[in-house]
Amino acid sequence: SVPFAFKNKVEEELNRLEKDGVIKLVDNNDWETPLVPVLKGNGKIRLCVDYKTTVNRYLEDVKHPLPKVNELFVALQGGKTFSKIDFMNAYIQLLLDEETSKVLAWSTHKGIYIVNRLPYGTKPACALFQKIVEETLLGLKGTMNFLDDLIITRCSDEEHTKNLKNVLVRLEHVGFKEDLKKDLAQVEAIVKASRPLDLHGVRAFVGMINYYGRFINNTDKCEVAFNKAKQMVASENVLIHYDPSLELRLNCDASNIGIGAVLSSILPDGIERPITFISKILSDAERNYSVVVKEALAIYWVVKKLSQYLLGRHFKLVTDHKPLLAIFGEKTGIPIMTAGKLQRWALFLTGFDYEIIHIEGSTNSVADVLSRLSLASKGE
1 SVPFAFKNKV
11 EEELNRLEKD
21 GVIKLVDNND
31 WETPLVPVLK
41 GNGKIRLCVD
51 YKTTVNRYLE
61 DVKHPLPKVN
71 ELFVALQGGK
81 TFSKIDFMNA
91 YIQLLLDEET
101 SKVLAWSTHK
111 GIYIVNRLPY
121 GTKPACALFQ
131 KIVEETLLGL
141 KGTMNFLDDL
151 IITRCSDEEH
161 TKNLKNVLVR
171 LEHVGFKEDL
181 KKDLAQVEAI
191 VKASRPLDLH
201 GVRAFVGMIN
211 YYGRFINNTD
221 KCEVAFNKAK
231 QMVASENVLI
241 HYDPSLELRL
251 NCDASNIGIG
261 AVLSSILPDG
271 IERPITFISK
281 ILSDAERNYS
291 VVVKEALAIY
301 WVVKKLSQYL
311 LGRHFKLVTD
321 HKPLLAIFGE
331 KTGIPIMTAG
341 KLQRWALFLT
351 GFDYEIIHIE
361 GSTNSVADVL
371 SRLSLASKGE
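Residue numbers are given in UniProt numbering: position 210 of the sequence shown equals residue 210, and the series is strictly consecutive.
Since the hints were derived computationally from the structure, they do not count as laboratory data. It is possible that some hints are incorrect.
Within a straight-line C-alpha distance of at most 25 Å, the following computed BS3-like cross-link-like pairs (lysine-lysine) qualify [what the hints assert, rightly or not]:
#, residue 1, residue 2
1, 316, 341
2, 162, 84
3, 44, 19
4, 102, 63
5, 110, 19
6, 131, 165
7, 162, 141
8, 9, 44
9, 102, 24
10, 80, 165
Computed from a predicted structure; not experimentally measured.
Work out the full structure, taking the sequences as your base and the hints as a guide.
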């Protein structure tokens, strides 16, 4: 049920969406998914739906790859002037057929609404939107999109303006209103990790080194050894390039001062090799969060940061904080009384295909050390 304090705002938003033709009230329907209202920072209500507990497991995936980083660079190379277009409310600009509208229906305190536009949180939404935009822009040079972000460029101002006009014409026509090297950013969290100053920090760092020790040669130097060890963990001896054919595993952790994570591929022989490391220091406000909110923030922030690797892929999401299984678990709904932050983060994750796994903190050593020896910057 909708909290009393939200009811008027929820009804106003339902009325607005119905007036815009996004939803339609019906007497009955075979399918329905409960509405989850989320209070935004500006005091307004966002209407979200937790499809992971209802229809997502039955929806067929759209097999369409998201562009890789090197493909983006190749498509935009030589550009001198750039423009960026952001699709507002991107997914709901895509019309659904009658059968799909009924399957994705919302259950509300006012009744059942069928959904005429593609809502966020459905499993194939990301790949489907990427595919449609790519097909719309097919043949236009110096143009590349990653989901709802579109970049346009050319080698001169005149050509760029012409190209931008062509893109806008295409979008209007389909109904829119208006020799490989490792990426240093992938290992920045390791290379810039601060020197541990207490016993727990040293143990955490040594635990990480032990975890990848099979790939690292030992040395007896002190400060030199510490810096050398970080460089070796971040080297090609340990790090591997992203391979879409390999299983993905994302380990996340939070401490009182920071967030850390490692995205890895599982090789055919079962060995785990890192693709990228990531960390950040918590802001003063974030340090006051409860433990469960800090751990949830770690998952949300990391998945958002690494979405280019994770969207459209099944991956294992690993945490050492067991309560998160009830909030982010695939087979559990989002409790209506859950804090607003957790609701928003949980609903964001419904757009990803993952299996959340709990492990003991002692075995989550890599993410743990990155959360305690986080980058000097507080990040986003």
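Verification of the hints:
For the hint pairing residue 316 with residue 341, the CA-to-CA distance comes to about 23 Å; that is within 25 Å, so the pair holds. For the hint pairing residue 162 with residue 84, the CA-to-CA distance comes to about 15 Å; that is within 25 Å, so the pair holds. Proximity of residue 44 to residue 19 is assessed by CA-CA distance (about 18 Å); at most 25 Å being required, the pair is judged to hold. The straight-line distance between the Cα atoms of residue 102 and residue 63 is roughly 23 Å, inside the 25 Å bound, and the hint therefore holds.
A C-alpha spacing of about 15 Å is found between residue 110 and residue 19, which places the hinted pair at or below 25 Å, so the restraint holds. Of the supplied pair hints, the one linking residue 131 and residue 165 holds, its CA atoms being roughly 21 Å apart against a limit of 25 Å. Between the alpha carbons of residue 162 and residue 141 the distance comes to roughly 11 Å, so the proposed pair stays at or under 25 Å and holds. Simply put, residue 9 and residue 44 have alpha-carbon atoms about 7 Å apart, close enough for the 25 Å limit, and the pair holds.
Between the alpha carbons of residue 102 and residue 24 the distance comes to roughly 10 Å, so the proposed pair stays at or under 25 Å and holds. Restraint check for residue 80 and residue 165: the C-alpha separation of about 17 Å stays at or below 25 Å, so the hint holds.
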